[in-house]
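> So the sequences go chain by chain: A and B.
Add 69 to the 1-based position in the first sequence for this note's numbering, that's all there is to it.
Add 69 to the 1-based position in the second sequence for this note's numbering, that's all there is to it.
Honestly, I wouldn't trust all of these hints.
Which copy is meant is left open, so a pair is good if it fits within one copy or across any two.
[Unchecked claim] With a straight-line Cα cutoff of 30 Å, these simulated DSSO-like cross-link-like pairs (lysine-lysine) come out:
| no. | residue 1 | residue 2 |
| --- | --- | --- |
| 1 | K341 | K204 |
| 2 | K324 | K203 |
| 3 | K346 | K262 |
| 4 | K346 | K203 |
| 5 | K341 | K121 |
| 6 | K313 | K262 |
| 7 | K101 | K341 |
| 8 | K262 | K140 |
| 9 | K313 | K346 |
| 10 | K121 | K203 |
| 11 | K161 | K256 |
| 12 | K116 | K262 |
| 13 | K140 | K256 |
| 14 | K313 | K324 |
| 15 | K313 | K203 |
| 16 | K256 | K341 |
| 17 | K116 | K346 |
| 18 | K117 | K204 |
| 19 | K262 | K341 |
| 20 | K117 | K140 |
| 21 | K262 | K117 |
Hints in this document: simulated from the structure, not taken from any laboratory.
2 protein chains.
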Amino acid sequence: MTVSIDAMGGDAGPSVVVSALGRAVQRHPAVKFILHGDEAALNALLKKRLIKLTHRVSVRHAPERVRMEEKPSLALRRGRNTSMWRAIESVKNGEAEVVVSAGNTGALMAMSMYQLGVIEGISRPAIAGIWPTKKGQCVVLDIGANVECDADQLVDFAVMGEAFARAVLGIERPTVGLLNVGSEDVKGHEAVKGAAHMLRNAPLPMEFAGFIEGDDIAEGDIDVVVTDGFTGNIALKTAEGTAKLVVFYLRSALKRSLLSQLGAFFASGALKALRRKLDPRTSGGGMFLGLNGVVVKSHGGTDALGFASATDMAIEMAEGGINQSIVADRAGVRATSREAVAT
Amino acid sequence: MTVSIDAMGGDAGPSVVVSALGRAVQRHPAVKFILHGDEAALNALLKKRLIKLTHRVSVRHAPERVRMEEKPSLALRRGRNTSMWRAIESVKNGEAEVVVSAGNTGALMAMSMYQLGVIEGISRPAIAGIWPTKKGQCVVLDIGANVECDADQLVDFAVMGEAFARAVLGIERPTVGLLNVGSEDVKGHEAVKGAAHMLRNAPLPMEFAGFIEGDDIAEGDIDVVVTDGFTGNIALKTAEGTAKLVVFYLRSALKRSLLSQLGAFFASGALKALRRKLDPRTSGGGMFLGLNGVVVKSHGGTDALGFASATDMAIEMAEGGINQSIVADRAGVRATSREAVAT
Chain A
70 MTVSIDAMGG
80 DAGPSVVVSA
90 LGRAVQRHPA
100 VKFILHGDEA
110 ALNALLKKRL
120 IKLTHRVSVR
130 HAPERVRMEE
140 KPSLALRRGR
150 NTSMWRAIES
160 VKNGEAEVVV
170 SAGNTGALMA
180 MSMYQLGVIE
190 GISRPAIAGI
200 WPTKKGQCVV
210 LDIGANVECD
220 ADQLVDFAVM
230 GEAFARAVLG
240 IERPTVGLLN
250 VGSEDVKGHE
260 AVKGAAHMLR
270 NAPLPMEFAG
280 FIEGDDIAEG
290 DIDVVVTDGF
300 TGNIALKTAE
310 GTAKLVVFYL
320 RSALKRSLLS
330 QLGAFFASGA
340 LKALRRKLDP
350 RTSGGGMFLG
360 LNGVVVKSHG
370 GTDALGFASA
380 TDMAIEMAEG
390 GINQSIVADR
400 AGVRATSREA
410 VAT
Chain B
70 MTVSIDAMGG
80 DAGPSVVVSA
90 LGRAVQRHPA
100 VKFILHGDEA
110 ALNALLKKRL
120 IKLTHRVSVR
130 HAPERVRMEE
140 KPSLALRRGR
150 NTSMWRAIES
160 VKNGEAEVVV
170 SAGNTGALMA
180 MSMYQLGVIE
190 GISRPAIAGI
200 WPTKKGQCVV
210 LDIGANVECD
220 ADQLVDFAVM
230 GEAFARAVLG
240 IERPTVGLLN
250 VGSEDVKGHE
260 AVKGAAHMLR
270 NAPLPMEFAG
280 FIEGDDIAEG
290 DIDVVVTDGF
300 TGNIALKTAE
310 GTAKLVVFYL
320 RSALKRSLLS
330 QLGAFFASGA
340 LKALRRKLDP
350 RTSGGGMFLG
360 LNGVVVKSHG
370 GTDALGFASA
380 TDMAIEMAEG
390 GINQSIVADR
400 AGVRATSREA
410 VAT
């Protein structure tokens, strides 16, 4: 197993990536790593971190980088010499199984689609995110790749989501729900109604729970939450904002009296645990599903812990054989639809 | 000012409504109230609560009620004898200015549209909700009336939202943001891009902040958040679920050790304040905007406090002259669009 890394992505650049590499090298003794980026800078950082260039860790020089605010279409046109392009290229030419980047999300998706292509039978890739729940975690997709989605695409997302839940979360028969404005059959627009109809009879290794609402996500009874990229992105960011708001309220409430300050002091361990639980860095970033290759996007503002988690996630996805599952499961759904049409 | 009340709506029925009436009668000494519902049951409850039938409080018998799970189309067809229909009718025939109900949301919207009609120049009514922020509160609309919205409708929502913020929240020049998946001009689908284009040059008493993202809502820099009813409903419920999740985490973290239990004891006052701040009952429910009349929907599972807040909100909306503002502001936008087309 080899991990290809875009070492120049993210707001903090290569220092965070090399620091994360230190953790990853220790955590995965059988895995190789290729760093793409400014060779001189990377070699200096590796030296500083006492990471040796061995058969397990190598550096490939890339003279340019994709800027965080660059338009994806421009990056795609002019970007052949960037660390991001080269990192994806390593997966394309077979020397690595997975690629991790903290760079520009749109450019990473555009370059990945161009170089790796989409899995046969899947219309468009999606970005999946891990969401904390009362009972553990669930996966939500799409969280931003596709602004408008039809019923077929939502079915694709359900297939990719259940494959992810099985391969990475280790859930044998994941429960899949379609995000909607009500749980009754008549609710929602044509895309969600059409997808519900197809998923109800699909021969997939999952339990289809039908429509779910926004407040069902955190309850934890649903393993895979399927939605379009517009709604999913807004729901995710709204949840992040709300979590911050509650912690903000809590902090100001605890400052109000001497007694509650004392309480906050005694409870500080518990509050630290809460912060850890809500830390988006531990969630592994955004997983690009539906590509011929595993691509994981770490948060742009990530630190070494976050980038290392994203790397863990990429390795687990490849080891779990997620793409083989997606191909097999999607083919099953298609065959059944054809039979249904034929009869 | 007269408030017409559907006394039979909500999960708990008339006892909660009559208890809320007790508060409202005291809080608004110049306002009259008409209760629609089962006369015998209501008279008994009023007697129990020591609320006298005076020129300020009257009961109108309605033999039927709309069920909480009833289809709106069915309720509209068969519902002329229900307390909900009759409560709206009081506004239609001019004996009341506002109507409050904790009943079936879809039926309340359908009956209100049928009886009161939509304000001229507005394509469809929307449901607005109050959202707590770090700096106070903001209004979000649509939170569920319109599953699919075009650019014109989003512009209508912006007009209704700024009118609400001025009339009820008392903000002279509200800041209005369009919810999207990114703040750059190129992001999002045609409806949000078209609405942004129109709002940028609209002669409205507001500051247009352009596109905002989900995590901007709770920050509190935006007074009016405009979105379609699908996204808005899911964002709202996701936020509610997230707030519950954080409180759940906090509670389990505080139970973990003796020290943190001690801390929780000392901090219990602060935790109570937090709970109050997050209590959806204090937010006044869902405000129906764009109808010829003021309609407020209290939470179905509300208690007396929640129903009383919804009643307060309805009175403030009418006193603030929200519908006059909507008519005037919308006409201004239309005139400018015509000029733009003409030149």
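> Any of the earlier hints contradicted here, and which numbers?
Those not satisfied are hints 3, 5, 7, 10, 12, 16, 17, 18, 19, 20 and 21.
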